[in-house]
Amino acid sequence: MTMTKKLIITLLLLISIAFVHCLAFHVELEEFEPPRQEEQEAPVGEGSGEGWQEESTSEFPYHFRKRSFKNWFQSKEGFVKMLPKFTKRAPNLFRGIENYRFSLYDMEPNSFLVPLHLDADSVVIILQGHGVAEFVTAKTKELFHLTKGDVVRLPSGITHFAINTNQTVPLRFAKITIPVNNPGQFQNYFSAPSQFQQSYFTGFSKEVLSASFNIPEELVGRIFFGPQQMGQGIMRRITPDQIKELTENSTSPSNKHKDKSTKFSPFSLFTHDSVSSYTNDFGHFHEAHPESFDQLQDLQIAVTWTNMTQGSVFLPQYNSKATFVTFVENGCARYEMASPYSFQGEQQQQQWWPEQGEEKEEDMSGQVHKIVSRVCKSDVFIIPAGHPFTIVSHDENFVSVGFGIYASNSIRTFLAGQGNVLSNLDTVATRVAFGVGSKVAEKLFTSQNYSHFAPTTPSHQQS
Amino acid sequence: MTMTKKLIITLLLLISIAFVHCLAFHVELEEFEPPRQEEQEAPVGEGSGEGWQEESTSEFPYHFRKRSFKNWFQSKEGFVKMLPKFTKRAPNLFRGIENYRFSLYDMEPNSFLVPLHLDADSVVIILQGHGVAEFVTAKTKELFHLTKGDVVRLPSGITHFAINTNQTVPLRFAKITIPVNNPGQFQNYFSAPSQFQQSYFTGFSKEVLSASFNIPEELVGRIFFGPQQMGQGIMRRITPDQIKELTENSTSPSNKHKDKSTKFSPFSLFTHDSVSSYTNDFGHFHEAHPESFDQLQDLQIAVTWTNMTQGSVFLPQYNSKATFVTFVENGCARYEMASPYSFQGEQQQQQWWPEQGEEKEEDMSGQVHKIVSRVCKSDVFIIPAGHPFTIVSHDENFVSVGFGIYASNSIRTFLAGQGNVLSNLDTVATRVAFGVGSKVAEKLFTSQNYSHFAPTTPSHQQS
Amino acid sequence: MTMTKKLIITLLLLISIAFVHCLAFHVELEEFEPPRQEEQEAPVGEGSGEGWQEESTSEFPYHFRKRSFKNWFQSKEGFVKMLPKFTKRAPNLFRGIENYRFSLYDMEPNSFLVPLHLDADSVVIILQGHGVAEFVTAKTKELFHLTKGDVVRLPSGITHFAINTNQTVPLRFAKITIPVNNPGQFQNYFSAPSQFQQSYFTGFSKEVLSASFNIPEELVGRIFFGPQQMGQGIMRRITPDQIKELTENSTSPSNKHKDKSTKFSPFSLFTHDSVSSYTNDFGHFHEAHPESFDQLQDLQIAVTWTNMTQGSVFLPQYNSKATFVTFVENGCARYEMASPYSFQGEQQQQQWWPEQGEEKEEDMSGQVHKIVSRVCKSDVFIIPAGHPFTIVSHDENFVSVGFGIYASNSIRTFLAGQGNVLSNLDTVATRVAFGVGSKVAEKLFTSQNYSHFAPTTPSHQQS
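These protein sequence lines are chains S, U and F, in that order. If you're matching positions, the first sequence starts at 1 in the UniProt record's numbering and goes up one per residue. If you're matching positions, the second sequence starts at 1 in the UniProt record's numbering and goes up one per residue. If you're matching positions, the third sequence starts at 1 in the UniProt record's numbering and goes up one per residue.
Calculated from the structure, these hints are not laboratory results. It should be emphasised that the depicted structure is a prediction, and the values quoted were computed from it without experimental measurement. There could be a bad hint or two in this list.
Just so you know, same-sequence chains aren't split out, so a pair can sit in one copy or run between any two.
Unchecked claim - DSS-like, lysine-lysine: derived pairs with alpha carbons at most 25 angstroms apart:
1. 206 / 88
2. 443 / 206
3. 139 / 443
4. 206 / 370
5. 263 / 148
My request is simple: use the sequences and hints to build the entire structure.
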């Protein structure tokens with residue numbers, strides 16, 4: 001009897017071992033799934049004094065909260081934050097914009113971003129402050145004064161530096177980057193060493209550098225490999241005198257073009273004649289199309305600036321070809337978008353097959369997904385081509401800037417307001433499509449007299 | 001002794017538990033493999049009255065039988081059928097055309113396709129019937145009358161509708177679609193609700209729509225969210241009077257251009273001067289090159305129409321750059337193609353790694369694969385660039401239409417018939433290459449006097 | 001007591017079974033990893049008499065030793081060697097150049113490469129020898145005489161053949177190929193059969209060929225399917241008389257343009273006016289930009305030729321947009337490059353997920369990787385855009401040729417030597433960036449008076 005008992009106990013023990021072993025395997029699998037979501041969403045930059053706290057818990061893949069940014073560089077002279085690749089968030093939904101990266105720069109007063117180049121093309125919008133950028137080539141130097149609303153095209157491989165020339169206000173800018181080597185990946189190449197990043201000259205032997213520069217090896221070692229720059233970041237404090245010297249006294253005046261207009265000169269979204277602008281009591285809208293600007297044409301990038309007063313609505317619309325990466329510069333707003341795409345499972349997929357995902361059957365459900373999110377300062381949201389969307393401002397001065405990808409010949413099509421596309425439909429088409437009578441068909445899309453921006457307190461009761 | 005027996009039994013039991021546990025894991029893996037092939041090939045649309053039965057069992061990846069189409073929409077007013085992504089069939093072979101989708105439309109007499117836009121560019125060929133299409137923008141309306149052989153470019157994001165204006169004949173058209181957001185994926189966006197698909201306005205809050213349209217929320221709810229359209233599909237029956245009103249009485253005549261020629265106006269493959277045409281007793285061939293048509297240029301799409309009499313051969317040829325997606329509109333034919341690519345294992349691969357496949361070693365066997373298939377009405381076959389192919393008509397009036405992808409500056413190079421490329425080779429080159437004497441070398445590629453199309457009953461005995 | 005012992009033994013036994021079972025699973029996984037690395041690096045072509053032995057054991061992914069080439073064709077008349085897809089070596093690092101393939105051709109004296117076409121565009125540089133190429137279309141024949149330094153653009157799908165017209169010297173050329181059907185994959189299509197590859201006419205039925213050519217089936221069978229060519233490769237020995245006939249006596253003189261300049265005519269890197277050239281005592285450099293040559297423009301390919309004397313340095317530089325695939329034609333050199341990209345784990349990744357790799361966290365270490373390799377005759381090395389690099393010649397006559405990918409508007413930016421970009425920086429910028437005084441800042445980048453090429457024995461002690 002006791003023997004049998006012992007046997008039973010043994011059996012149970014062994015079954016439990018097998019079970020544990022079984023579990024262990026599953027645990028292993030689960031450990032294999034990286035808790036990426038948490039990592040990705042972990043708050044960053046809490047030391048930046050910018051107040052990057054979370055505001056909501058929406059999990060729509062189109063909305064990147066400010067905590068999604070990664071700190072790429074940070075010191076008391078400023079910071080650079082970068083969004084992860086869009087396809088990390090939703091590999092299928094964002095495959096079309098995989099090669100585009102968004103980042104945010106902040107340079108404190110009297111700071112200097114040391115000379116560098118990128119293996120990527122970039123477009124920059126100045127969000128705040130005053131500064132200069134200088135593009136240096138073997139033969140030319142171009143110095144540009146920059147302020148809020150200016151758009152700068154940085155060609156791939158151009159050696160450049162930047163200065164916040166203001167004594168009090170940070171210089172902030174948003175940047176979209178299009179890598180030339182690897183889809184979605186680029187690097188910064190610095191000639192001078194810093195605590196943050198080695199000089200690219202450390203990729204060479206000292207003897208070769210000595211021969212190339214025709215200077216002693218000892219000097220090569222001291223300047224490019226030495227420890228003296230280790231206390232310095234890629235942004236450095238400089239004196240007002242040095243700023244004056246850099247911006248006013250050119251070392252070779254003959255070939256230094258100050259704000260001379262060349263093909264890739266910066267332009268202002270607020271004042272350039274070729275910018276499409278619209279203004280009424282409820283908002284301002286500025287858009288630079290790639291067809292109109294040499295700076296944007298080859299990259300097919302559009303750039304927008306939107307200001308809205310409290311309680312106004314940026315009327316429902318869609319972009320015919322462009323997908324917009326939109327950054328909130330000030331205030332909060334509600335963003336509403338209609339998407340026929342399903343994004344269920346994008347997160348799960350991502351963990352298993354990070355890049356590709358197991359392709360799902362195509363969504364033929366005919367369902368329109370309602371995407372509603374509260375977006376606030378420093379958030380990013382994506383508006384894919386064709387998707388109808390609207391923005392309702394919650395704050396007195398809601399400001400957002402946008403980079404339109406594949407924007408060549410893209411048309412912004414409004415679905416409401418004066419001159420919207422649906423108001424141009426034949427009445428009989430409206431009647432048949434919406435199953436309404438002639439009277440409703442005629443009023444439906446023509447009762448809103450405002451264009452682009454309208455108040456959220458409708459006037460239809462009065463009219 | 002019994003104890004020992006019991007122990008042995010216990011042991012066996014536990015081993016079998018371990019074994020079952022082991023098996024269980026493998027079963028799990030197998031269940032993980034979706035039986036995609038069956039799903040993909042399952043007959044669809046048997047209710048369409050079109051006779052979509054299978055005709056043969058060829059498994060060449062280049063040939064998509066009509067049962068490969070998926071029903072995207074179907075009602076008594078018509079249907080829309082779409083091929084799955086080409087890469088679902090053969091991930092490696094078709095990577096180059098992954099972003100192109102093929103679909104087939106049928107609109108019954110007196111039917112109306114409700115206004116919509118796509119996040120994709122499209123090119124359409126009218127296969128049969130008579131109809132109109134209207135493109136609506138904020139400022140313009142363009143109405144086009146369409147009939148067999150007309151080619152329509154639909155720009156991405158354009159709001160449009162279509163009508164079968166004929167009282168008896170269905171309006172049929174084939175469409176190639178090039179998504180702008182996601183490679184190989186696009187969606188249709190409808191302003192009006194239907195049983196088939198929600199209105200894109202359901203993506204917005206009622207309050208926002210009310211404010212945007214400046215109409216009461218109740219009306220918003222009734223029109224966009226209400227159940228009244230639920231009995232209606234995206235194709236609707238309309239009365240001849242409504243057709244007359246839509247096509248003749250424009251609501252705003254001043255800006256309605258009837259068939260006025262603009263950059264993206266439709267054109268006819270049969271009559272436009274810039275179409276390359278060839279005709280003899282055995283067949284007709286029409287090809288619109290992207291270099292000659294603004295409508296096709298940016299998409300680099302070529303469009304072809306081929307008619308063949310019974311027993312004629314479309315002479316062996318290859319396209320230098322374009323890959324053709326060819327649709328059989330009428331009759332049956334034998335399609336023969338030479339491919340140096342191996343496609344063994346494409347199906348198996350697909351099940352494991354749907355998108356990418358585990359890359360095989362490159363095929364350096366020097367083997368030419370003989371691809372022969374009987375293609376019939378509503379089948380699709382792919383002719384990749386460089387691949388020599390020929391078509392032998394089995395029926396009195398074999399008709400096929402083709403969309404050429406990457407067709408800019410692609411040259412159609414005939415390998416037989418009057419003026420073929422090989423007849424232009426130096427005789428000594430032919431002699432050395434084919435190991436033949438001067439007499440054979442001179443006759444080999446010059447004995448066929450017909451061009452493009454020839455009879456299958458050769459005349460060489462007589463000549 | 002013994003019972004308990006037995007039980008314990010049983011327990012241990014079962015635990016060990018479970019353990020073995022556990023191990024078995026892991027073993028299975030390991031067997032799943034193909035030992036690709038060994039395969040890839042296996043020596044090839046040891047019978048070629050070219051001395052393709054290994055020279056070093058560097059494992060930098062940027063350097064492909066000659067043993068990395070695969071023998072695509074080899075006979076006593078010559079050989080064709082091809083590099084595997086770059087992404088096979090490093091799936092992430094080389095995703096941007098995945099679609100480009102590099103190959104090397106050697107045709108012995110008096111040999112003939114039989115007529116063929118490719119489903120790919122190509123650019124060829126003649127490395128050595130003398131020959132002719134003929135492009136044949138339905139209407140034209142273009143015969144080109146080729147010699148060292150000539151660049152030939154082969155349009156996709158063009159039927160062509162080539163001859164080594166010299167009696168003693170092999171004709172050698174390097175080729176970059178850009179497939180039109182499948183990223184990174186292309187095939188050769190031969191009209192005539194050979195032991196190496198079947199005729200593409202074997203893809204057709206004999207009856208169809210008989211009807212198409214209007215010749216008897218028996219002749220079709222003998223010429224295209226017969227065994228008589230089986231002793232012949234794709235390169236064939238021809239007699240000087242046949243060469244004379246092919247190059248001098250045209251079969252249809254009226255349409256045979258001898259070296260007439262057309263859009264895609266070959267040009268010489270050494271003599272064409274639009275080539276950028278630089279020469280000093282230490283080296284020669286020639287570069288054809290795609291902006292200057294119709295032959296290269298649509299492919300965005302640049303072509304370079306570099307000659308260096310012993311002990312000279314091709315000064316540190318980077319390309320702003322182009323990634324160069326560089327082939328060593330003669331001698332050995334040290335190649336140094338700075339890369340901020342991490343390539344640790346590229347090999348391992350590759351074995352698991354051949355195409356895609358499990359995407360790593362982005363490298364934000366700020367580390368610059370020092371890539372140093374000794375490159376010798378027939379090696380290939382990659383210089384990605386933005387990466388600073390230098391070459392130090394070890395031999396009296398080091399020769400390399402390069403194909404620049406995405407080279408439109410790419411600028412070669414020198415970091416040392418007369419007129420380098422850093423010498424054009426404002427002194428104050430240099431001072432702040434490098435943490436040096438005015439005196440050093442002024443001398444640092446201006447002490448080298450040579451441009452492009454300089455001696456490795458520095459003269460700074462004297463100056």
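| request: List in ascending order the numbers of the hints, as given earlier, that are violated by the structure. | output: Of the numbered hints, just 1 does not hold.
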